[in-house]
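**Student:** Read off the chains here:
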Amino acid sequence: MFGDEIEASIVLDMYRIDVTRVEGNILYRRYRGETIEREILTKDVTLKLLPIYPIFYPRFVTRYILCEFSIPIYIPPMDSIALYMYLPIDIAVYGYKNSSFTILDIVPLHKLYKYTLYGPPSRYGDVGGVIARYCRTRVSLEEPRDLELGFCISHLEIRNELEKFASMSKLLLDTSPLALFYGLGSWRCCTQHIRVIINSPSTAVVEYEKQPIEPGFKAVDEPEEAKASLISYRNEMVWGY
Amino acid sequence: MELVDVIRNLLLQGSGMLYKIFVFIAILAVGIAISVMIRRAFLKFLSARVSKAIASNLSRALYYTLLFIVVVVALGTIGIDLTGFIIAGGFAGIVVGVALQPVLSNLFAGLYLMIEKTINVGEVVEIGGNAGEVTEVSPIFTRIRTFDGFVVSVANSQIITGITKNFSKAVARRIEFKLGIAYREDAEKVYRILKNILDEHPYVLVNPPPDIFVSNLGQSSMDVTVRVWTPPPLAYEATKDLLWRMRKALGEAGIEIPFTQIDVWFRSTLNIEQLYKNRGGG
Numbered sequence: 462m463f464g465d466e467i468e469a470s471i472v473l474d475m476y477r478i479d480v481t482r483v484e485g486n487i488l489y490r491r492y493r494g495e496t497i498e499r500e501i502l503t504k505d506v507t508l509k510l511l512p513i514y515p516i517f518y519p520r521f522v523t524r525y526i527l528c529e530f531s532i533p534i535y536i537p538p539m540d541s542i543a544l545y546m547y548l549p550i551d552i553a554v555y556g557y558k559n560s561s562f563t564i565l566d567i568v569p570l571h572k573l574y575k576y577t578l579y580g581p582p583s584r585y586g587d588v589g590g591v592i593a594r595y596c597r598t599r600v601s602l603e604e605p606r607d608l609e610l611g612f613c614i615s616h617l618e619i620r621n622e623l624e625k626f627a628s629m630s631k632l633l634l635d636t637s638p639l640a641l642f643y644g645l646g647s648w649r650c651c652t653q654h655i656r657v658i659i660n661s662p663s664t665a666v667v668e669y670e671k672q673p674i675e676p677g678f679k680a681v682d683e684p685e686e687a688k689a690s691l692i693s694y695r696n697e698m699v700w701g702y
Numbered sequence: 643m644e645l646v647d648v649i650r651n652l653l654l655q656g657s658g659m660l661y662k663i664f665v666f667i668a669i670l671a672v673g674i675a676i677s678v679m680i681r682r683a684f685l686k687f688l689s690a691r692v693s694k695a696i697a698s699n700l701s702r703a704l705y706y707t708l709l710f711i712v713v714v715v716a717l718g719t720i721g722i723d724l725t726g727f728i729i730a731g732g733f734a735g736i737v738v739g740v741a742l743q744p745v746l747s748n749l750f751a752g753l754y755l756m757i758e759k760t761i762n763v764g765e766v767v768e769i770g771g772n773a774g775e776v777t778e779v780s781p782i783f784t785r786i787r788t789f790d791g792f793v794v795s796v797a798n799s800q801i802i803t804g805i806t807k808n809f810s811k812a813v814a815r816r817i818e819f820k821l822g823i824a825y826r827e828d829a830e831k832v833y834r835i836l837k838n839i840l841d842e843h844p845y846v847l848v849n850p851p852p853d854i855f856v857s858n859l860g861q862s863s864m865d866v867t868v869r870v871w872t873p874p875p876l877a878y879e880a881t882k883d884l885l886w887r888m889r890k891a892l893g894e895a896g897i898e899i900p901f902t903q904i905d906v907w908f909r910s911t912l913n914i915e916q917l918y919k920n921r922g923g924g
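As given, the protein sequences belong to chains A and B, one line each in that order. So the mapping is simple: my numbering equals the position in the first sequence, first residue as 1, plus 461. So the mapping is simple: my numbering equals the position in the second sequence, first residue as 1, plus 642.
It is worth saying that the hints were derived from the structure and are not from the lab. Any given hint could be a false lead.
Unchecked claim - Below are the SDA-like pairs computed for lysine to any residue, each with C-alpha atoms no more than 25 angstroms apart in a straight line:
hint, chain 1, residue 1, chain 2, residue 2
1, B, LYS882, B, VAL796
2, B, LYS811, A, LYS625
3, A, LYS575, B, ILE839
4, A, LYS625, A, TRP700
5, B, LYS820, B, GLY860
6, B, LYS882, B, GLY822
7, B, LYS837, A, ASN696
8, B, LYS837, A, LYS625
9, A, LYS575, B, LEU859
What the hints assert, rightly or not - What the simulated footprint calls covered on chain A by chain B, stretch by stretch (three residues with Cβ under 8 angstroms from a Cβ of chain B suffice, anywhere in the stretch; the number is not a length):
hint, stretch
10, 591-604
11, 622-634
Every residue, glycine too, gets a C-beta built ideally from N, C-alpha and C.
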């Protein structure tokens, strides 16, 4: 469960994690079947499983996540829609020693990992914009009761400030203002409330609140890669939504 | 004047000279120390605001200017007048300027590079056919560590007058593969196999989508071109991995990748037996 200390051996989805302790030294091994996928030697740390943004596996390349909705969302003029989104996550094995921590292993929970370019449409083969982790995400009008391992819940409010219908099929999330929260002793996790304001036919603003959508959930310690200097809790989508 | 008076005068003049030399050394020592401190402080101040190359070179320029001033002041205390040097320096400047023209053009090109940030330390570039990572942008040269480990120094003027490819400034990189397929193979099956590999590969971008098409009907094979986009840091790994996977998948599906071959057609039937006899066979 999230937040619990890994003492010896646990099974996580298709993986088995073995932790061997010898006089304070720790040998960490993650198996997939009989194959060792990750092996670490460390000392005197507390190992914890926590949810993490899906940006670290197979390599950290970007801090952006582009969520493509499984169904398009049409927002009436000057109106808003509230919905829940299943944001894909991975599981990180954190090593804690006093007040410092590091991520020792990322346990990938999804079959397919892809990147995409979020940028201006081009007719000539040239590219611009940003590279983002690509996730195809399901949406729901009701809050999910049972959450599958590998997903966290996010609550979206999409406001259309235009005087015509707006169609939204994708959402760009910046993991810097985005936060993950977990329920201690459970596999449930969530983000904060996210507000998307559609302010032109091609641009939108994504705003992040600070509190988790599920009360009492604890914030995950942000790794350095996702901890950029924050001016405001928002990011902009300037190349369509 | 007696001999004693002469010696006394010499001693008096000598002590005055010793005093001047002492002042000269003191000014020089204190001046150099202050220059070093100012250089360090300036470097620290600039490093937080501009690129490392600009900070290093500007602080170096300030340091040498301060050193020049210190030396001029110190020489003044021992009575060396530098007015003559300055007049002579004017003429010398013209001579030196002409002689150092290539160096100066590189110097100004270096300053231009630093201000414009055309290339920065750590970026992957290709200049004059040398591709590698920029390790230093100095006022005269830019140093590149090539992918095979050599350090290449390129004159800065060559960079601003020539063509520079900066791979690090690319948002995404396009990779292209050409595969020759035998004419008897099913092109649509090949397309499906290749598309499946690209769809499952994590380094191939979803958007812009990969492109697979028959690009040429050659003498020995039908050429299929595959174009994919990848994040720039993963381009090298993607190139290696994709070609391997495509070759493996096509091989497993029994798709023939032909080598260059020529079919020779004889106008009349070739009599193998007759040829054998003509060569003196039995």
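**Student:** All the hints need checking, so say for each whether the structure fits it.
**Tutor:** Hint by hint, here is what the structure shows:
1. Of the supplied pair hints, the one linking B:LYS882 and B:VAL796 is violated, its CA atoms being roughly 29 angstroms apart against a limit of 25 angstroms.
2. Distance restraint check for B:LYS811 and A:LYS625: the Cα-Cα separation of roughly 38 angstroms exceeds the 25 angstroms cut-off, and the hinted pair is therefore not satisfied.
3. Of the supplied pair hints, the one linking A:LYS575 and B:ILE839 holds, its CA atoms being roughly 13 angstroms apart against a limit of 25 angstroms.
4. For the given pair, A:LYS625 sits about 19 angstroms from A:TRP700 by alpha-carbon distance, which is consistent with the 25 angstroms threshold.
5. A distance of roughly 12 angstroms separates the Cα atoms of B:LYS820 and B:GLY860; the hinted pair therefore holds under the 25 angstroms criterion.
6. In summary, the hint linking B:LYS882 to B:GLY822 is supported, as the alpha carbons are separated by about 18 angstroms, within the 25 angstroms threshold.
7. Under the criterion of a C-alpha separation no larger than 25 angstroms, the hint pairing B:LYS837 with A:ASN696 is inconsistent with the structure, at around 34 angstroms.
8. With a C-alpha separation of about 38 angstroms, the suggested pair B:LYS837 and A:LYS625 falls outside the 25 angstroms cut-off, and the hint is violated.
9. Annotation: proposed proximity of A:LYS575 to B:LEU859 is violated, straight-line Cα distance about 33 angstroms (limit 25 angstroms).
10. Given a C-beta distance limit of less than 8 angstroms, the hint that chain B covers the stretch 591-604 of chain A holds, as 3 residues qualify and 3 suffice.
11. Restraint check on the stretch 622-634 of chain A versus chain B: 0 residues with Cβ-Cβ distances below 8 angstroms, three needed, restraint violated.
When the structure is compared with the earlier hints, violations turn up for hints 1, 2, 7, 8, 9, 11 and for no others.
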